[in-house]
Amino acid sequence: MSEVKTLATVWLDGCSGCHMSLLDLDERLIELSSQFQLVYSPLVDRKTFPDRVDVTLVEGAVASVDDLKKIRKIREHTRVLVSLGDCALTGNVSAMRNTVGVQPVLFRVYEENVLQKQIPTIGVPALLDRVCPVHEVVPVDVFVPGCPPSADTIYQVLSELLAGRVPSLGGVAHFG
Amino acid sequence: MSGEANVRTLTVDGEEISARADQTILEAAREHNVGIPTLCHLEGLSEVGACRLCLVEVKGARRLLPACVTRVEEGMEVTTHSPKIDRYRTMILELFFAERNHICSICVANGNCELQSLALTLGMTHVEIPYQYPQLPVDASHPRFTVDHNRCVLCTRCVRVCSEIEGANTWGVMGRGAQSLVITDLKEPWGDSETCTSCGKCVQVCPTGALFEKSSVGSKVRKHPEFLPYLRIMREEDQA
Ligand code: SF4
Ligand code: SF4
Ligand code: SF4
Ligand code: FES
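Here the protein sequences line up with chains A and B, keeping their order. FYI, the numbering for the first sequence is 1 to 176, going by my numbering. FYI, the numbering for the second sequence is 1001 to 1240, going by my numbering.
A portion of the hints provided could be inaccurate.
Computed from the model, here is a short list of chain A residues facing chain B with C-beta under 8 Å [as the list claims (entries may be wrong)]: (1) Thr-90; (2) Val-93; (3) Val-100; (4) Phe-143; (5) Pro-145; (6) Cys-147; (7) Gly-171; (8) Gly-176.
What the hints contain is simulated information worked out from the structure, not anything from laboratory work. By construction, the Cβ of each residue, glycine as well, lies at the ideal position given by its N, Cα and C atoms.
Using the sequences provided together with the hints, build the complete structure.
Structure, rendered in structure tokens:
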């Protein structure tokens, strides 16, 4: 695999725990960041996804039309797509609503026992009927289990990628 | 039968081993420290061959055979690990995860679950089979225990321990295939069961978070299925 110079991270339907775990790398983050440029992330300012990114870490499941649009675009512009954490990998807590469907959930939250009943539609993306793991929607190259994956696991993944290898987490990290 | 007639010689992954004629491939292999993954098997209970994780290749056999219910035979050539076997095992694991709702991060068994650790040891990092997201009940009517069908793998360990060791016969299986459910008595709430002695054995042997003790929620208490063989020996001594 050719050299990894640019990294992006995205946050779909997740709790941001995977990004917290990434920050948990502490001083190792400084060591690694001298080797790549963080070109797009909730942690940096840039608003549009760059044309060509070497590695993108995806946190979260695909839960809204917006997530779907984003992940398709990201896949198109990313060389190595990494599903980071159980939500991206399995749907996890985000997908728990799939057993009942989206309408009953919206009803429960915005109508049942609520004084001003209204399901928000303006300025928020519509929810998909079914929350999906990322690889159900676009091809994924690396799967990193864990809720969240530990900082050590993320360090291992990033080090491997920076060394030009595509890591496999089989036997290394488990769900949960 | 003479002692010799009781011994079988076979090869497991190329190594020649001898086993008693009444042993299964699994027993013989484990005695020689050959690891074969299992889920429905539990030492101290009868074998049912339900989960198929222990599939092995036997030369001359047309299909893969479950090691826990296949007896050793003279001259048998067994392979316990190969790319084909690994593929099958991963597929079986994926089916378990896809058929029910396994959300490890919020499960009572997280970090203490045989299914979760099998996924780790067999290198399964994600599930290719589309998740089914079935709607399944949780029965918390028993004062001490809960059954959460979202996490059940239908291994029937609970059914067997309750009948074979406790003698209460509270658990049974209803329905077919993926639609099956383990039930207490005639599908009555567990808390209303007339037969359950509240011994807790089913909870101890359940490999997943499907059966758990209410008081242990959030405390990462380990289950102790390894008590069974000792219990069996003590019973047999009692009866002798
Ligand atoms: S039963 Fe095991 S595999 Fe299933 S959710 Fe709980 S910890 Fe995960
Ligand atoms: S607690 Fe004991 S008697 Fe009751 S169902 Fe479980 S094994 Fe059977
Ligand atoms: S409740 Fe537990 S022991 Fe019983 S069949 Fe389900 S997974 Fe197995
Ligand atoms: S352990 Fe052999 S079939 Fe389950």
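Taking the earlier hints as the rules, which of them does this structure contradict?
none
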